[in-house]
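Chemist: Single-letter residue listing:
There are 2 protein chains.
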Amino acid sequence: MKLLIKIAYDGTDYCGWQFQPNVRTVQAQVTAAAKKIFGFDCDVTGCSRTDSGVHAKGFHATVTQKGKDNIECSIPLEKLPKAFNAHLPDDIAVLGARYVSDEFHARYSVVSKKYIYKMHIGCERSPFDRHGALHITSKFVEDYLDRMNDAAAHFVGTHDFTSFMAQGSKIEDATRTVLNASVTVSPNDPDILLFEVEADGFLYNMVRIMVGTLLEVAEGKLSTDGIDGIIAAKDRKKAGRTVPPHGLYLECVNYPDNI
Amino acid sequence: MKLLIKIAYDGTDYCGWQFQPNVRTVQAQVTAAAKKIFGFDCDVTGCSRTDSGVHAKGFHATVTQKGKDNIECSIPLEKLPKAFNAHLPDDIAVLGARYVSDEFHARYSVVSKKYIYKMHIGCERSPFDRHGALHITSKFVEDYLDRMNDAAAHFVGTHDFTSFMAQGSKIEDATRTVLNASVTVSPNDPDILLFEVEADGFLYNMVRIMVGTLLEVAEGKLSTDGIDGIIAAKDRKKAGRTVPPHGLYLECVNYPDNI
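From first to last, the protein sequence lines are chains A and B. Position one of the first sequence corresponds to residue 262 (the numbering used here), numbered consecutively onward. Position one of the second sequence corresponds to residue 262 (the numbering used here), numbered consecutively onward.
Among these hints, one or two may not hold up.
One copy or any two copies: either way a pair holds, since identical chains are not told apart in the list.
Unchecked claim - Think about it this way: if two alpha-carbon atoms lie no more than 35 Å apart in a straight line, the pair counts; the simulated DSBU-like pairs of lysine-lysine are:
1. Lys400 <-> Lys343
2. Lys482 <-> Lys329
3. Lys431 <-> Lys499
4. Lys327 <-> Lys343
5. Lys318 <-> Lys495
6. Lys296 <-> Lys400
7. Lys379 <-> Lys400
8. Lys482 <-> Lys340
9. Lys498 <-> Lys482
10. Lys375 <-> Lys400
11. Lys340 <-> Lys400
12. Lys343 <-> Lys495
13. Lys495 <-> Lys340
14. Lys329 <-> Lys379
15. Lys329 <-> Lys499
16. Lys343 <-> Lys318
17. Lys296 <-> Lys499
Simulated from the structure, these hints should not be mistaken for laboratory data.
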């Protein structure tokens with residue numbers, strides 16, 4: 262059996278999930294914590310590579326003994342989150358743990374992932390959202406929320422999303438299926454907008470380019486059905502700007518029910 | 262005329278509002294920013310002294326030329342927040358500015374203040390609330406929300422709140438009028454509880470001792486009407502623990518309408 266853990270992290274002080282030499286990464290922290298708990302080296306395999314500054318509320322990763330497809334663990338499952346959290350910095354927390362089969366893969370077994378991008382609309386910046394939401398001061402047209410939602414609906418479906426992929430990405434097939442995409446106002450803060458998008462997979466910078474494009478719709482620079490033309494063009498230059506990483510959250514990851 | 266500014270700050274990295282030598286305070290930052298904007302020394306007088314680690318969403322302070330009851334300002338009022346924010350660190354922001362009479366006092370003119378204390382109920386800690394909510398893992402009785410609300414209602418009214426004041430405080434009259442006190446679940450997060458309290462004034466640590474006492478009610482250690490006996494005792498030892506500062510927010514300050 263592999264161990265599957267659910268992780269939340271504030272990505273502000275990390276160069277993303279993926280291990281890289283000489284920089285602080287979430288994967289390195291979790292791998293070090295696993296070694297302290299189990300007493301042997303572990304492989305920690307994540308569901309995704311989040312970028313520098315991106316946050317996660319429902320990241321998933323498998324933990325196995327280094328070089329093996331499984332792990333032997335004498336600690337009761339329900340005690341594992343606390344054991345991890347005792348060895349992790351306070352901007353990373355393990356929220357749950359369960360066993361999955363040796364065949365399970367944290368990344369390749371993913372059915373869908375949901376991201377949320379948080380925007381703070383206001384004249385002045387907010388001290389509380391400085392690491393967690395994009396501050397927007399640009400003028401929006403009156404019906405911007407309806408417009409953003411209409412535009413977001415055009416993302417839904419199976420499309421080649423080359424226009425919404427960072428230039429230089431080495432991806433052979435940029436076809437992805439977007440299951441849901443919508444923009445809502447936060448229920449406890451009228452100044453916070455949330456873009457929520459679920460897909461079977463995401464290209465590099467895809468959500469951040471989608472948001473940059475929706476902002477052009479909100480500003481009245483792009484029509485709501487202009488999204489279709491941008492998708493059809495398969496040209497990164499046709500889409501909007503890439504918004505910064507600090508508003509982005511990996512909200513949840515869905516795996517098959519039978520794992 | 263005095264200048265009245267509305268300020269929000271994340272208090273995590275500050276030793277409170279009030280200027281003290283050799284430590285980082287919000288008042289020192291705002292005073293330094295005012296000097297840069299106006300070109301002369303200013304007095305910045307706050308509505309309250311928030312403790313180390315306490316946050317504010319609606320703090321108010323007057324700005325006057327040093328030693329005077331007024332200020333001469335050639336910058337248009339609507340441009341002042343941006344002018345301040347250009348000189349303030351990103352955990353402090355000025356949200357608004359207006360003129361008030363020379364007789365106005367940021368602290369003594371206050372009609373009422375509202376504080377919110379934020380609690381995160383969950384088995385594991387949250388990386389996102391680590392500086393902004395108290396993490397609670399203790400077992401609560403089933404109807405804890407109703408119980409906390411019933412108990413909070415007993416705070417409302419004019420009482421001598423000596424039992425809810427830090428020991429050693431030098432206050433002659435501990436009588437305060439609590440206008441509202443309630444506990445609600447955050448509309449966008451079922452794991453977040455919010456204690457909201459409005460009063461004509463607060464004693465040192467009053468909100469934090471109220472919350473510590475309400476937690477005893479939630480844990481079933483104290484009955485909901487036990488609050489009356491604690492108030493009547495005028496004895497700090499009868500009330501609950503003082504919870505930490507990082508869950509506390511000065512939400513808003515009310516001044517008379519005619520200022």
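Chemist: If a hint holds in the structure, say so; if it doesn't, say that too.
Modeler: Here is what the structure says about each hint:
In this homomeric assembly, Lys400 and Lys343 come within 35 Å of each other (Cα to Cα) only across copies, at 16 Å, whereas the closest approach inside a single copy is 46 Å. Within a single copy, Lys482 and Lys329 get their C-alpha atoms no closer than 53 Å, and across copies no closer than 50 Å, so neither meets the 35 Å cut-off. Within a single copy, Lys431 and Lys499 get their C-alpha atoms as close as 19 Å, which meets the 35 Å cut-off; across copies the closest is 67 Å, which misses it. Taking identical chains as interchangeable, the C-alpha atoms of Lys327 and Lys343 lie at most 35 Å apart only when both belong to the same chain, with a minimum of 22 Å there against 53 Å between chains.
With identical chains, the CA atoms of Lys318 and Lys495 are at most 35 Å apart within one copy only, with a shortest distance of 31 Å there and 45 Å across copies. With identical chains, the CA atoms of Lys296 and Lys400 are at most 35 Å apart between copies only, with a shortest distance of 31 Å across copies and 51 Å within one. Taking CA atoms no more than 35 Å apart as the test, Lys379 paired with Lys400 passes in both settings, with 17 Å inside one copy and 33 Å between copies. For the homomeric pair Lys482 and Lys340, the shortest alpha-carbon distance between copies (27 Å) is at most 35 Å, but the shortest distance inside one copy (53 Å) is not.
For the homomeric pair Lys498 and Lys482, the shortest alpha-carbon distance inside one copy (15 Å) is at most 35 Å, but the shortest distance between copies (63 Å) is not. For a Cα distance limit of 35 Å, the shortest separation of Lys375 from Lys400 qualifies both inside one copy, at 28 Å, and across copies, at 32 Å. In this assembly of identical chains, Lys340 and Lys400 lie within 35 Å of each other by CA distance solely across copies; the values are 17 Å between and 50 Å within a copy. Neither within a single protomer nor between protomers do Lys343 and Lys495 lie at most 35 Å apart by alpha-carbon distance, with minima of 47 Å and 40 Å respectively.
Neither within a single protomer nor between protomers do Lys495 and Lys340 lie at most 35 Å apart by alpha-carbon distance, with minima of 49 Å and 43 Å respectively. For the homomeric pair Lys329 and Lys379, neither the shortest alpha-carbon distance inside one copy (39 Å) nor that between copies (44 Å) is at most 35 Å. For the homomeric pair Lys329 and Lys499, neither the shortest alpha-carbon distance inside one copy (45 Å) nor that between copies (58 Å) is at most 35 Å. In the homo-oligomer, the alpha carbons of Lys343 and Lys318 lie at most 35 Å apart both inside one protomer (17 Å) and across protomers (33 Å), since each shortest distance falls under that limit.
For a Cα distance limit of 35 Å, the shortest separation of Lys296 from Lys499 qualifies neither inside one copy, at 47 Å, nor across copies, at 46 Å.
Of the numbered hints listed earlier, those contradicted by the structure are 2, 12, 13, 14, 15, 17.
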